[in-house]
Every structure is written in structure tokens, then in C-alpha cells.
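4 protein chains.
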Amino acid sequence: MRERLKSKPSPVWAKYVALPRLTGDAVRSFDNMAKINLAHVLMLKKERIISDEDAKILLNAVLDLLKKGPDVIPLDPNYEDYYFNTERYLITQVGPEVGGRLHTARSRNDLHSTLLRMNVRDEYFKELPRFFALREMLLKKAVENRDTVMTGYTHMQPAQPMTMGFYFAGIAQAMERDFDRISAAFKHLNYSTLGACAFAGTGFPIDRQYTAELLGFYGPVLNTVDAVATRDYIMEIMAAFAMCASTLGRFAHDLYYWATDEFAYIELDDAMSSVSSIMPQKKNPSVLEYIKSKCTHQMAAFSDAFCAMRGTPYTHVRDVGGESIHLIWDSFAEMEAMLELLREALKDMKIKKEHMKDRADSNYCTVTELADAMVKREKFSFRTAHEIVGHVVMECVDAGLNARAITAEKLDAASVQFAGRPLGWSNEEVQAVLDSLESVKNRVCAGSPKPENVDAMVSAMTKRLAEDRAVFDGYVSYVEEAYKRLDHDVQENV
Amino acid sequence: MRERLKSKPSPVWAKYVALPRLTGDAVRSFDNMAKINLAHVLMLKKERIISDEDAKILLNAVLDLLKKGPDVIPLDPNYEDYYFNTERYLITQVGPEVGGRLHTARSRNDLHSTLLRMNVRDEYFKELPRFFALREMLLKKAVENRDTVMTGYTHMQPAQPMTMGFYFAGIAQAMERDFDRISAAFKHLNYSTLGACAFAGTGFPIDRQYTAELLGFYGPVLNTVDAVATRDYIMEIMAAFAMCASTLGRFAHDLYYWATDEFAYIELDDAMSSVSSIMPQKKNPSVLEYIKSKCTHQMAAFSDAFCAMRGTPYTHVRDVGGESIHLIWDSFAEMEAMLELLREALKDMKIKKEHMKDRADSNYCTVTELADAMVKREKFSFRTAHEIVGHVVMECVDAGLNARAITAEKLDAASVQFAGRPLGWSNEEVQAVLDSLESVKNRVCAGSPKPENVDAMVSAMTKRLAEDRAVFDGYVSYVEEAYKRLDHDVQENV
Amino acid sequence: MRERLKSKPSPVWAKYVALPRLTGDAVRSFDNMAKINLAHVLMLKKERIISDEDAKILLNAVLDLLKKGPDVIPLDPNYEDYYFNTERYLITQVGPEVGGRLHTARSRNDLHSTLLRMNVRDEYFKELPRFFALREMLLKKAVENRDTVMTGYTHMQPAQPMTMGFYFAGIAQAMERDFDRISAAFKHLNYSTLGACAFAGTGFPIDRQYTAELLGFYGPVLNTVDAVATRDYIMEIMAAFAMCASTLGRFAHDLYYWATDEFAYIELDDAMSSVSSIMPQKKNPSVLEYIKSKCTHQMAAFSDAFCAMRGTPYTHVRDVGGESIHLIWDSFAEMEAMLELLREALKDMKIKKEHMKDRADSNYCTVTELADAMVKREKFSFRTAHEIVGHVVMECVDAGLNARAITAEKLDAASVQFAGRPLGWSNEEVQAVLDSLESVKNRVCAGSPKPENVDAMVSAMTKRLAEDRAVFDGYVSYVEEAYKRLDHDVQENV
Amino acid sequence: MRERLKSKPSPVWAKYVALPRLTGDAVRSFDNMAKINLAHVLMLKKERIISDEDAKILLNAVLDLLKKGPDVIPLDPNYEDYYFNTERYLITQVGPEVGGRLHTARSRNDLHSTLLRMNVRDEYFKELPRFFALREMLLKKAVENRDTVMTGYTHMQPAQPMTMGFYFAGIAQAMERDFDRISAAFKHLNYSTLGACAFAGTGFPIDRQYTAELLGFYGPVLNTVDAVATRDYIMEIMAAFAMCASTLGRFAHDLYYWATDEFAYIELDDAMSSVSSIMPQKKNPSVLEYIKSKCTHQMAAFSDAFCAMRGTPYTHVRDVGGESIHLIWDSFAEMEAMLELLREALKDMKIKKEHMKDRADSNYCTVTELADAMVKREKFSFRTAHEIVGHVVMECVDAGLNARAITAEKLDAASVQFAGRPLGWSNEEVQAVLDSLESVKNRVCAGSPKPENVDAMVSAMTKRLAEDRAVFDGYVSYVEEAYKRLDHDVQENV
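Protein chains in written order, with the numbering used here: chain A, 1 to 494; chain B, 1 to 494; chain C, 1 to 494; chain D, 1 to 494.
It is possible that some hints are incorrect.
Where chains are identical, the list cannot tell them apart; a pair therefore holds if satisfied intra-copy or between any two copies.
Distance condition first, Cα-Cα at most 30 Å in a straight line; then the derived DSS-like pairs of lysine-lysine [claimed, not checked]:
#1 K187 with K126
#2 K410 with K376
#3 K187 with K350
#4 K347 with K126
#5 K379 with K45
#6 K15 with K350
#7 K15 with K352
#8 K68 with K56
#9 K463 with K441
#10 K68 with K126
#11 K15 with K56
#12 K187 with K463
#13 K187 with K379
#14 K379 with K46
#15 K67 with K56
#16 K8 with K347
#17 K126 with K8
#18 K187 with K8
Keep in mind the hints are simulated off the structure, nothing from the lab.
This is chain A alone, in the form it adopts within the complex (with noise of 0.2 Å):
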């Protein structure tokens, strides 16, 4: 196929463009280009661009190399890549005359860019489900920890009780927004952009909503040199991960800390932790480690896919073609190890009951529900009750003391000298108002940690979990029912 040129390509071209190419192609291709091929031949006999029996000839050649399998085409960088390799192949099969017809009303350029798709739709189907088995996760911890309370931060200083149930549905609430773009991102990728040959379309009279619909897509990218050039849809895929792995990065990264001996929340289950070499005391979660660290190869995919599109004109390059991809199976593996270890840390790990609570007790966290009260009961200003508050916690951490020194006698002395009148509550109620778990059942508002009010989330992302699994398993049947139709076409033309 190179008459144009007066030499083989060189050495080096061979071994740093034509091979790594290659490899990764044979591993990843053989079946969609097969599936490329036949649905092909059977459009192009459809519309007598060929003749039936050429077709004949053509799709049993392709049938009969998908049952010998990848290794029967000898990979030779001499013939460039992978669809050279496997025309060449075929046409040693069926001759010159039959084989020189497969690419007809074709070019490299609409054929790998919808093997591509295929590949990568392929991989974002074996992806999806680990998203929906991770959010199934997180809303059954959420349920078992509706009652587990906690101390919650913000800037890592305890703030205000919480549950992990309410936490855990939290995460599980960032997933949604996280899928809802993953989700989308297959009506862009879902197109095929067979047909569009080189750039320009083509003068034969080809069906590409025919093609397109027996290998799964939807239809046909229409504008032709739009169909070459784009890559978008990956660098949708891309962002899309980067956008979840940030928020599972930041889960983790929580979980971490929370399994210090400082914090003691939480700690791995010995199957997911590791040990050191020397330091006979050591039960590492270093898997978290791992896990929060992952999310910035998404990054960095995107970040590459962008950058090698810079400056390229639109249209078929191989910067766009080749090197913008450069990281897409990684973008996929990590993401995969990331829900995978993710999982699998929180399945059985273990969860401090006690001791949170014990800490949410002690740790002051609690007292913004005591300005409340003076609020609610009082009608003190909300800023007056921050002052009694704030004076009676200053006052009890300079004597190094914690939350259960808090008194009503305490509480009565600042509230004459702010508000100019005790609050004349007994120490129960006082107590009564910093317990973390009343404080939490307290909760009323909307979307808060009340218990009743974490059931209704999982409740409703339950419904929404199944609603998205529903959408998810209508793309997988489509594909399938397509290709049914494929393999229905082609056996009643062979």
C-alpha cells in the first residue's frame, strides 16, 4: 500500500510509531475490527456498491479469522498498523481482487476513530458498574451508621456532632452528581463516525445509519470532517473521572485520618493493611494511601488529552489521532483500581463506636446547640448567646478542661454578665443539650444528620441508584441488540 513512497519505513520509525501501536492494537481490536469489517460488507452489498458474492466471499473470510483468532496475522510494522495488517492478511485469504474491494468507500481515518469508540465504549462498560456496586456501599454503611455519631469538622477543628450514616450519605450524594456527567458522557461517545472516510464523505452511496446501527451506535457523527477530527468525548470521559476521583480522593483522604491513632475512628480490616519491614508495631493503611493519590491520574490524563490537541488543526492528525489517547487505558485501570480498593477497604472495616461518641462528648462540638437553645428559649439574640457560649468555652479550656465541665452555675454567671439575667436551666438540661446524639436527633432541617432525615436520602438515592442502573443497563442492551442484528445480517449473507 505504500507505491507512493520509493522505501520501507525506517527502523525507527518502526520501532518508537508502527509497533507500540501495533501492540496495543492486536490486544485490544481484533473483535471490533472484525465487527468494523462485516458490518461494513454487508452495507456496502446493501447498496450494490459490491456484489453479493464478493460480500459472500469477503464476510467468511472475516468470520473464519474471528474463529482462528488475533495471533494468525502476522504484525509486520513494515505495513504500518494494525488495519493494513489485517487487510493484507485477508487479502491473502481471498485474493487481491475480492480483498482490494473490503476498503471500499472507507478510510483509516473513520475506521480507527470508530474502533476507538467501540474499544472505549467496550472499557466504560466493564467501568460503570463499579460506580453503581460503590454508591450500593456507601448507602448500606449510611443505613448501618445512621445512629454512629461523630464529631464533624471544619478546618479539621470539631464543629458540630454528625453521624457517619449522614457522612456516608453524603459521599454517597457527591457520586450522583459525579455519575449524572460519567452517564452523559455516552451520548457524545455513542456516534459512529464510519463513512466519513478520510474527511470529506465519499462518492458512493453508503448507509452510515445502517453501519452505524449494527455496531450499537446511536447514528452517525454527521458532518464528516467533525466526525476525523473530534476526540472530545474522551477528554469527557476523562473529566468526568477526574471530577469523581476528586471526590473519592477526598473520602479516602478523610477515612485516612480518621484511622490514626490520633483520631482512632476507624481501622482497615488486616486483609487491607500492611505492615513494616522493621517496626514490629505497624498496621499500615497504606491502601488508603494509594486510593487517594489515584484520583490525580485523571488529571493528568485530561490534562494530556488537552495539551496534545493544542495547536492541531481540525481535522485528522495523529496528534489528535494517536498521542491525545496516550493515557486513556490508564485513565480506565486507575480508575478501576480506585473503586475496586475503595470498596474493598470499606466491605469490613472496622467502626470506633464508642470512642467517637466519647470524643463528640468532650470535644466542644456540641455547644453551638447550647447558643441555640438560649436562642430558642430565651429569645436571647443569637450573637448574645454566642458571647455567653464563647466566654463559658474559653474559660474552661484555659483550666484544660473539656465540654462535660460545662455547669448551669457557669453558664448562669456569663448569662448576667451578657445578657444581664441567669438562664436559670438545671445541669440536666445543660447536659441534656450537649449530649452529641440528642444533639444530632435535634437536627430538624432538611438534609441534616437526624437519623430519620439520613433514611429518607438513602431512601430516596436508593431510587435514584436503581433509576441510573436502569439507564446504564438500556445502553448495554442496545449495544447488544445491535450486534444480535449484526450477526443476524451477516448469517443470512454468508
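Given chain A, put chains B, C and D in place with the hints provided.
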């Protein structure tokens, strides 16, 4: 409000933390802060958390402040941020007893987070019409140039003829996908975090749905820790901008090379050109350099936001609330510059039609059509036809001739050599096949440069542009209606 | 100067291209532009390219402008940029015949490129002392805390005891490497591009070395196309800043977690803390959140510069001259904020020594010392000693005890089990080994936390700091001397 | 070694954490791990930490393993990593009593960190000669093309004539700065972390200087927490590669556009070109697309490493030790591909000299010379000369003429109009000024394209290349000498 602490903020803290925020916020936040205060007071009253009388005083104080304008609020970094400065001003107006009730049942965390969403929404509303305007310009230029034949390139080598209208339609099509993502971001942007308070909601019986609606949001971000922790909608906008900027940058890159003396396909209007201080002949399309490279700032913004969130807790922290949004306003400003400059550059750009046609007829970009014609008319296999044409082309190129030198005679000779028989076509037939305009008209397949196909694309895209505009108008009027209701409810309560 | 064109710049161009540059340049460039003009005129005269008289008039005009200040130059976007506006002003002062000679033998390309180097150098000179000041603070804190025992962590789990002084010395050591890179950047920054003209030099017999020296540069960037094409020195500064910011960000991250209620190792001064608007107990080290996340802006700046240059010609283009430097001033400002805030945070930070010692004695971080002692005293293999200690630790942990519960008796029992004989140590001996301060003092190897080792490190680093300062002072005085010479040569010629 | 834990690693952990590391390390680390073990044992013996006899057994075991090769070590993820698997193998060979002494006074933290430095050094040593080879090629091409006149561009518009040799010399000069940074990285790479142990050194009296020297390092990274925490030398290499890749990417971008049919300045050799599957005329320089876009992977690697370290403690964590180096091997591989492909592309690239000269003589790029000549000969001010030439150019352009149409008569007319008198030059004089080769020869200033200037640059750069090579050879021989000493010391002790 810093009663808890024993000293004023350090001057270093004031200079590097407080002042930059105060300055930025005072510019952007005055109106929206007032709206939030009005909505919050109305809600507190409705839920009987504060008295009718106090509500009236507070509403009037805010209205009065609105009338006086932002300059009446002294900006003192000792009061940490814009909210504390505003509250302090209001307290000086209505006294601590009433003024101190304004902040009941909320926190700066939810307030600032909602304020940011409103500020971002304002910019977003100003930005989107610019995308519409550019798409409209592209469609207009596409129609105008439906017959403007030019060389289409792959790997920047003459490949096949296309039209400039077809190319513009391709960019317009890419912008549709880009816009999908930009428009979809509104779904995640337009929720309110008010009522999340510090992150754990509140024990006051607040109505989060009501404040959300008064402020033009679809509803509250339900789970309250997620509400204060998240800025994903900002990353989503940045990522969507980055992907669109990638398309536009590549488009500008094409224009840039078409404007060279060597291509000479287009020429910018003098008003969009710059000169040299020393080279008298110079007319520089340097504006295209700005446009094509400005895309990178979108990527920088996204990667900055992502990295600022990496390794942070999933709750309210300043890494996220403060630093992750460092480049968001730059992101809007640079997107604006890119869109406006590109549209202006297109507006009066000169298109050199004759020269482009002449080039397309001579640079061999029509010879694929010749091979296709052999397949169609002579039933040669595609590979055989490819060989015949390749041979003749090489012969001409080696002789230093251009495509007009391809004759029937040369084709016959090659045909005899590779197919065993001459074609027998006349020179007129050969020239007709090799004419670039004929070639384009012949591209019958869907999505190809054939002028009627471009008409069809433009017509469909015009419809979709109208639909996208209607969706956007829906966003805007939803918010406007909400503001009217806010106004109305305020008026009823003062 | 736009004679070549038939119209004024478009208002869109003026708004988005000309005005932003004019505004920025007028702030930063007034002095340096004047210096360049003075040096250039002196050189033109010296080489007899202009007459003595004309030179005198031009020099006086520039001196006069310097006296009047930047505000006398009207900034009109119709004159494209700051240089054209300045030239126009000078021409109005001295007439076109003489004023028109100022720009002989140069171009805006070399002029702006040199101007940028001078502006960057100014910022660089202001920034570097801040690195020295922080290193000095770290060395001071290292000495003060040479005996401040604390737990050292790996994977954030208690690992082995160290001292806070040792840790500070570690950060100071990392900053030495970081500073190496920052200082090395001067070597590439401090060359002049003046005389490169548009990119191809000039036929006038100019003296590039002379102007370079008058302006404080080491010499010219020789090859003239490289001179106008390159901004690599800016990427080098950004990358060097990014690496240092990475170190400092991680350092601030440690401080942040040490400031939690759970670790409680340090406490920021009240003047560097912020409060909550609703939680009366709150004292937030949120300044550390700013510091640790500001590092990301350095990365964003580098990646922005890189991407803006990607896909651009190697010559003068605005992608490089204009957009690749978009974030350079932000880069300096954010580095400044990070350094100043961090130093201020360290200055009066409270270190809770007793608590840290107590934790280190109880959280098992000293047990590696126990295993090592067995190897040394009993000649056990390391793996055997590790097994004995690991067994005892697990026993204690399972019983809910801390490290103080390790007794001679328990160790003997385990020793019998794994090594076939008891240790026979007294409880006093065991406790001595397990004491964290003893353990630290025992760390004899070079570079370890042993206080004397820290003294040695600090002493060596103090010397290197002085050396680095001397090198920097050399940079500064080199430039100051050059400016004196410029001044002198000007005075001799007016 | 996992005695502390009650269960084996989870299969999920094994699959996503352990196995990928084991696979990578087994390929890269076998030799270097052995070297580290040999050096460590020699040191333990020298310091009498282990007995001579035990040392001999251990040394022989390692030598034996080296002979048998990597495949004898079973890789079991249950043993966490490559070190534990290696240790386990050695223990099966020599028994636990002796084998258990190998790991005395070190940890996996320092061991892996040193191992990584050695692995990176190996790649670094393989990479650097490729930079030299490319620089050499550029200097060769610069000399060959010292007289090859061509158009120089700014904003991609014809600006002034230059030579291709001058341009190549410019790239070579930029590569000198790029190489400075790459070479400087060795200063931070080539230090040993061995003996830092977990991060806190050890109580055994080890000799860190000795092991450092045996392994080819300049010495130890002194402070031990910094030693295990840092990977800055990797970021430094990545950043330095990124900056060089930026230069090379822009260079390839220029070649790419010069290879278009429209510029037609160069043509790649057929062996470095690819074809089209359907367009018979195509000869694609797509290899240049690979080269110019591969630069982006260097940026991605740096930003990935940076972000993986963001928000991590300054000590040993897997975010840094594991994930921050995720792309380092890709970074080396992609740099290699870029350098090799670029050199091969340059090697037999065809340069179309006549066409380039013809273009330069006709596209007005010589008219600045005309204005300069008026200043020099007629003492016109530069602005006046600029006006005269600008007027004539516009006249010719409007008439559709090229630069050859500029006559003495037209210049006289314009000169009368703007300067009040004719030039009085002959047409021969005018043509001499407008000849591109004459113009280039006339560029007397230092660093300009004048062929003698290019000779001077190349000569200076040839010298610097030799110096850089000598420095590099010094790096390599330093390490080789160290390995010989290691060998020698081992032989003396077995």
C-alpha cells in the same frame, strides 16, 4: 465576633488572606449578599424563628443598604471577611439586639457557598449568549460558503476537496456537543446550599426549599455536609469551557495557517490586524494567536481547581472554598475574550475563493475521486484503482507537474500495466472527474461537503440553536421570576 | 505607525487585546522602558548610528519623562501597545525628525522581550529574600526544638520517635535543593535580547554587549531567533517555584494535622487564627489551609505556560510573548503569600512539648529500638527480635494497653517462645530502652534525630544559607553596578 | 513478616496494589537490589554489626542469586513487595538465623528510595546521549545550511530573510539551556538515602557514606526524614524534560508547516513518511505530528507527580513513594521516542533551497533592509524611512505585485512625498538591497543570520557540546568506578 481569641488578626494574615478576599467580594457580592439576607429573614419570619417586628427592621435595613450602595460598608480586615463586615454595618444601623438575629440558623459556610453559586450564575448567564452568537456566526458563514471549494487536509497535506461552508458547519457541530456540556452544568450549579449552616444543618425549623426558590435555585443541595464541601459544579464549568476552548483553539489554528502568505486562503480585516514597528510590509493576524492560545487558560483553571482539592477533607475547608476557585473569574474572562475576538475576526474576514479553487484543482486533492470513478465505472477493485492512480500521480510529481497534467493517455498506460486494459476515457471525462467543485458535488454520502448536505446540516443546527437558546432563556427567566417573588415577599413584609 | 493598514483597531480588539496589556504594562514597565531607551540611545550614539546631538535630545526627553512620571503618557489602544504609546509621547516632545530615530536598529520584539526579563528580574529580586527568611526561621526553630521529642510517622501511623527540631531541619534541607533550582534560574534569566530586533538582528553595527551590560545583564542571548522565541526562563522559574511550593505545601499539611484537637501538638497564635460565625468554641488554623493549597497555583502557572507554547512556531508569536506569561505575576504573588504566611505562622506557634513526649512514650513508636537492642545485646537475628517484639505488642494492643505496659516479664516469655531463652533484662532496663528521648539520643547514625546530629545539620545549613545569600547579593549588586554605569554614561552625554 | 496481622492480604489488594508493583520491579530492580544488598552487607561487616562469617554467607547468597537470575525468585503478592519476596528467597537459601540479619539497620523505606534512584539513574544515563546526538545533528545541519536563505517569519507572516542554518543554530542554542537543566538534575538525583531506615535513622553505628560511595552516589541525603520523604529529583527531571520537549515540539511544529505543499520548504525522506489507505497522492509527514505532540506527555508526568504529592505528609507515604512516580518510566520512554524520531527525521530531510530563495526574494521580507538603507545612506529618521517603504509596499500589494516590482522610480516618488526629496538610487542599487542573500550577509550584528556569525555560533556550540559530554562522561565513570570498588570489596570478603 472574635471573642474566642485574644488578639486581632496579624497584619500578615490581613494582607495576604483577608484583604484579597474583601476586595474581590465587595465588587461581586454586594447585590447577591443582600438578596440572601432578604430571603433568609423572610424565611426566619415565616417559620416564626424571629418576630414579625424584628424581620421588618432587618428587611428595611437591608433595603436601605441596597439603596446606599456598597461604599457605605467600611472594609476592615480585622473583621475577617465581607460577611462579617456587612453584619457589623447592619448592627450599627439596627442595634445588636435585632441585628444579632440576622445570622440565626445559618453560618458563613452555607452563606458563602450560596453566594458563590449566585456570583458564578451571574457570570454564566453573561457568558452563554456569546456561545450562541458565535454558533450563529458560524452557521451564517457556512451557508455563505456552501459552494466555496477549498482543499481539505489531513496531516496538513492536500487530501480531498471540501468547501469552507462544510468546514464551518463542522466547527458548529462540534460546538453543539461543547455546548451540551456547558448547558448541563447548570443542573448542578443551580442548587442552594443555604441552611446547611456549618455543615450539619441546624435545630431551627428552617425551610430550605423556600429560601432556595426565592434565590432562583431549583432546590437545596440536600445532604448538608456535601453542600458545604462541594465545588464540583465549578470544575464542571471549567472542564466544559476547556473542551469548547479546545475546539475553538483548533479552529483558530486553522484560520491562522490559512492566513499565511503561503496558503493565502483568508485575510483578516485591517481592524483586526496589527503591524510591525520596523517591518513596513507587515500585516499580522496576531489576534488569532491570542485566540488559539487562550484555550490553555481554561485547562489551567481546571487543573488548578482539581489540585487545590486534592488531599483535602470532604467538608468545609479553605483549600476548597478559597483556593480551588482562584482562577474561576479568569476562566470566565478568558472565555469571553476568546468568543468575542473569534466572532469579530470572522465577521469581516476576507475569503479568497478563486485562489482556493485554483489550488484545489492543481494540488492532487481530487485524485481519490479518480480512483473511486474507476471502481464505480470499471468495477476495478479499490486496491487496483488506487495503484493505477498512485502510479500516475508519482509520475507527474516526479516531473514537477501539478494535477492538471493528468491525462487520459497517462491513465490508460497505467491501467494497462496494473489492470491489463486501458480505461478508454476521454480527456474531458478525466478533467470532469478531477474538477474540485464537481468532486465536492459528487460526495453524496450523509454529512459530506456536498452543498445540499451542508444546507441540511445548517438547517438542523439552526433548529438546535433555537432549542438551546430556549433552554437557556428558561434558565434565565426561572431566576428572574424567583427574584420577582423575592421582591414581592419583601414588599409584603416591610 | 499603522500606515500599512486602512483602519483603526476594532473596539473588540482594543478591549480584549490592547487594553489589558496597556494597563498591566503601564504599572510594571515605566522605569524599565526608560532604562532600555537610555541604554539604546547611548549605544546608537557610541556606534555613530545617530548623531551626538540627536542622542542628547533623546536622552533628555527620556529623563524628562522619568521625572514627570507615568501619568503623562496617554494610553490609547489605537496605538496597539505601551511601546507605541511611549514613542508617540516622546515624538510629541522632540518632534518626528529626532523622535523617529529612537527605534533605529531594534524592534518591539526584542524590546518587549528584554523589558519582560527586567520586570521578571525585579519580582525575582523581591521574592528571593523571602526564601532566605523562611529558611532562617526553620533553622532557628530547629535549634530551639532539638530536644523536643515527638512521634514520627510513616503512613501517618506512629513509627519511631524523632524531634521537632530534626523535622524542621529536614524541611530546611529540602528547601536547600528547592533553592538551588530557583537560584539557578538566574543564569538563564539574566541575558539580554536587545538587538535581536524582529528576530533576525540588524544591518546596523550595534553593540549588543554594551546595552546588555548597561541593563544589568550578563550579555546578549546570542542567536537572535532564539532570543525572541524563548520564554524558557519563565517556565524554569515557575517549575522551580512549583517544586519548592510542593515542599512547603507538604510541610503546612503536617502542621495542619498537628494542630487538630486529636494530635494537639501545636497551636497557632490567635493572631493567625480565625473564628466561626456560629460555633463559639472554634479557633481555626485556616491559614494553614491557604498555605498548603496555594502550592497548586504554581503548578497551574507552569502548565499554563507550557500549554500556551505547545504547537507554536519557534519565533516571535503572541501565544508565547503574550499568553504563555499570563500567570507569571500571579505566580510571584502566590509564592510571596505562601512564604510570608508560613513564616508568620511559624513565628509564634505554640509547641506542646509535654503532650508530644507523653504520646511518644505510649504509642509504641519506640519498640523498634527494643528489637534493635535485642540484636545488639543478645545477638539475635533481626527477624527473630522483630518476632519477639511483634508478639508482645500485639498482646498489649489486644488487651487495650499502651506501650508503657510492656514489661520484662512479657518480653522474657516471648523470648523463650521465639528464641529459646529469656532476655533476663530488668524492668528498668526495658523502660530505658522504651523512653522516647533515650531512643532519640541513641540514634547515632549520620543525619538522624539525635540532638547533636541536628546541631551539626543546622550548623552546616547556616553556612550554606550564608553562601546562598552571598550569591544572591552578587546578583543584585551586579545589576545595581550596571545601573550606576548607565546613569553615569547618561550623565556624560546630556 | 506480617506477624502483626491476622490475615493474608485481600485478593483485591493483591491485584491492584501488590501485583503491579511486583511486575514492574522485577523487570527493573533485580541488579540494583543485589548491589544494594552487597553494599549493605559489606558495611554491616565493616562496622562489626554482623560477623565476618555471616557476611560471607550473605554475600555469597546474593552473588549466587545474581548468577541464577531474576526468575528464581517466586513473586507472591502475599509477601507485599519485591523486597520481601527477595528476602524470603534468600532466607530459604541461607536459613533464618543468618538471612534474618540482612535487613539489620535499614528499612524498606530507605532501601526502595535508593533503589528508585538507581533505576532512574540507569534510565537517565541511557537518555542523555540522545540529547547530545540531536545537538550534534543540529550543528551539522546548521553548518550545511549557513547559506541556505529562507524567509523568516513573525506571526507566521514573512518578516525578514534568514538562513536555515541560522535557524538550526537557534534551536541548538535553546537546547543548550534545556540541557543545562537536565544535567543539573544529576546533582540532586545522585545522593543515597540508604541508612535513613524508616525515616529516623538507626541506633546501629552504620556508615552511610560508605554505602553511598559503593553504589555510585556522591554521598547520603543527610537528614533522614527528608531522605525518605523526597522525590523532588524526579520532578526536576520531569520539568527539565518538559522544557526541552517544549523546545523540540515547537521545532517539529515549524518543520511540519515547512513540509506543507504550500510552504514546500522541506520534504521528509520516504522512509519517515506514511501513506493514505485511500488517497493515492499522499505522502504524509505524520511522524512530525507524533514528535510535536509527544512533548505534552512530559508535562502530564510533571503535573501528575506534583498533584500526587499535594496534600501529603512530609515523610514516607505511598502517595509519594508509589503514585507520584506513576509516569516516570513513560516520561523516559516518550523523551526517547521524541529524540530518536526527530534526529531520524532530520537526517535525510530534503531541503528545497531554490524555492526558499525564490520566496524570500518575492514576499517582501527584505523591505526592512530598504528602510534601514535609507536611514544609513540618506540619514532619514527611521520613522520617515518606514513610511516611504510602507507606502510603496502597499501600492505594490494593492496592484497584486510581489516585491520584485519595487523600483527606484516608485521609491523616489514616495521619498518626495514623505521626505521632500528623491533618493536618486539606481534600480540596480535597489535590487541589491532587496536581494535576500545580500540582506542576510549584511546583518552584521552579533547573533544574526550572517553566515560568518552562524559559523561562530556553531563553533562555540561545538565546544560547549564537548564540554557537556565531558561532564556527562564524568557522571558515568564516577558510577562505574564505584561499581568496580563494590566488586572489589565483595571479592575481598567472600
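K347 and K126: within-copy, between-copy, both or neither at 30 Å Cα: within (21 Å within a copy, 45 Å between copies)
30 Å Cα threshold - placement of K56 relative to K15: neither (37 Å within a copy, 45 Å between copies)
Alpha-carbon proximity context of K67 and K56, limit 30 Å: within (16 Å within a copy, 58 Å between copies)
Alpha-carbon proximity context of K187 and K8, limit 30 Å: neither (42 Å within a copy, 43 Å between copies)
Status of K352 relative to K15 across identical chains (alpha carbons, at most 30 Å): between (56 Å within a copy, 28 Å between copies)
Within, between, both or neither: K8, K347 at alpha-carbon 30 Å: between (57 Å within a copy, 16 Å between copies)
Same-copy or cross-copy closeness of K463 to K441 [CA-CA at most 30 Å]: Within. Shortest intra-copy distance 25 Å satisfies the 30 Å Cα cut-off; inter-copy 53 Å does not.
Intra- versus inter-copy proximity for K126 and K187 (alpha-carbon distance at most 30 Å): Answer is both; intra-copy 17 Å and inter-copy 27 Å each pass.
Within, between, both or neither: K15, K350 at alpha-carbon 30 Å: The answer is between: 22 Å across copies meets 30 Å, while 51 Å in one copy does not.
Homomeric proximity label, K379 with K45: Cα distance no greater than 30 Å: This pair counts as between: shortest inter-copy Cα distance 14 Å, intra-copy 84 Å.
Status of K350 relative to K187 across identical chains (alpha carbons, at most 30 Å): Close neither inside one copy (40 Å) nor across copies (37 Å); limit 30 Å.
Copy assignment of K187 with K379, given that the CA separation must stay at most 30 Å: Neither. Shortest intra-copy (55 Å) and inter-copy (39 Å) distances fail the 30 Å Cα cut-off.
Checked against the numbered hints given earlier, this structure breaks hints 3, 11, 13, 18; the rest are met.
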